[in-house]
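For the sequence shown, the positions run 1 to 274 when our numbering is used.
Just so you know, these hints were derived from the structure itself, not from any lab. Warning: the hint list may mix true and false statements.
Pairwise CB distance ranges (calculated) [stated by the list, open to error]:
hint: 1; residue 1: L115; residue 2: L82; range: 26 to 36 Å
hint: 2; residue 1: T61; residue 2: E99; range: 28 to 38 Å
hint: 3; residue 1: F257; residue 2: L20; range: 16 to 26 Å
hint: 4; residue 1: P124; residue 2: A170; range: 17 to 27 Å
hint: 5; residue 1: F209; residue 2: D130; range: 16 to 26 Å
hint: 6; residue 1: P25; residue 2: I214; range: 26 to 36 Å
Virtual Cβ for every residue (Gly too), placed ideally from N, Cα, C.
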Amino acid sequence: MKTERLAPFAAYCIVGIGMLIMLAPFYFMFVFATHSRTEIFSLPPPMFFGDDFLNNLAILTKRIPFWRNLGWSVYVGLASTLLTLLFCSMGGYAFAMFEFRYKKAFFGIVMGTMLLPSFMSMIPTFMIMDMLGWIDQPRALYIPGAASAFGIFLMRQFISSSIPRELIEAARMDGCSESGIYWRIVLPLLKPALGTLGLISFIASWNNFIGPLIVMRSPDMYTLPLALRSIQSPVDTEWGALMAGSAIATLPLLILFVMSSRQLISGLTVGAVK
Numbered sequence: 001m002k003t004e005r006l007a008p009f010a011a012y013c014i015v016g017i018g019m020l021i022m023l024a025p026f027y028f029m030f031v032f033a034t035h036s037r038t039e040i041f042s043l044p045p046p047m048f049f050g051d052d053f054l055n056n057l058a059i060l061t062k063r064i065p066f067w068r069n070l071g072w073s074v075y076v077g078l079a080s081t082l083l084t085l086l087f088c089s090m091g092g093y094a095f096a097m098f099e100f101r102y103k104k105a106f107f108g109i110v111m112g113t114m115l116l117p118s119f120m121s122m123i124p125t126f127m128i129m130d131m132l133g134w135i136d137q138p139r140a141l142y143i144p145g146a147a148s149a150f151g152i153f154l155m156r157q158f159i160s161s162s163i164p165r166e167l168i169e170a171a172r173m174d175g176c177s178e179s180g181i182y183w184r185i186v187l188p189l190l191k192p193a194l195g196t197l198g199l200i201s202f203i204a205s206w207n208n209f210i211g212p213l214i215v216m217r218s219p220d221m222y223t224l225p226l227a228l229r230s231i232q233s234p235v236d237t238e239w240g241a242l243m244a245g246s247a248i249a250t251l252p253l254l255i256l257f258v259m260s261s262r263q264l265i266s267g268l269t270v271g272a273v274k
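Using the sequences plus the hints, can you model the full thing?
This is how it looks when you write it as structure tokens:
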């Protein structure tokens, strides 16, 4: 009986300690965003919120066009998410419901791209974007990755397990076109998976650092991760301003995740249990 009572208590303690360790960087980021650089490096460091947030924000906006960079991050994130949902749902629907020659081979090639390290595509991506004249253009950040292998795989698995073929065949017998089946029947049934993929895609686009580093040249076109990195230097970094910008950049993701956590979990686990 003692063991049965202690086991849940020990489990909760371990989970609680892990939660504190994971949340500590976020807490100190928000705390340091309200303190000056001198206070941040004092001993002991500040543990509670201060009153220098507006001053840090003023320093940040003088160093970089912060609000413009924030706008570009929102634009690129939304465009990338919408294109990913469109093309990945189309690709997943085709692989799940259509029969065509070399279907398994094509799907294997798509899955094989997930095995390639991301750094291998850096030079080819730059060369292609330069050839197209897309250097320093936002479209270079959201068009190349619009059809991700993970997104196609997620859509295919969801459609295969949740949408019966009989429903598609019935719509064809009723005279519905293939585009009509996709827009009127398939997409409404994909809401759980679309919500999950949309959340993952937006977070990945929002946090993307390597992509803007490769194709963006002018500070006015930077997205937030690259803009915040640009104000760091070995000798003169305004850490309070940097923490303020990081806090503002992180806050939308935290709110989005809290609001969509159930959708994320249900979308990833749907079809796992019959």
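Indicate whether the distance between the beta carbons of F257 and L20 respects the range 16 to 26 Å. holds, 18 Å
Is the hinted range of 28 to 38 Å satisfied by the C-beta distance from T61 to E99? violated, 57 Å
For P25 and I214, compare the CB-CB distance with the range 26 to 36 Å and indicate the outcome. holds, 27 Å
Hint says 17 to 27 Å; check whether the CB-CB distance for P124 and A170 agrees. With a Cβ separation near 45 Å, P124 and A170 fall outside 17 to 27 Å, so the hint is violated.
Given the hint of 26 to 36 Å, check if L115 and L82 actually sit that far apart at their C-beta atoms. holds, 27 Å
Please check whether F209 and D130 have a Cβ separation lying inside 16 to 26 Å. holds, 20 Å
Consistency with the previously given hints fails for numbers 2 and 4, ordered from lowest to highest.
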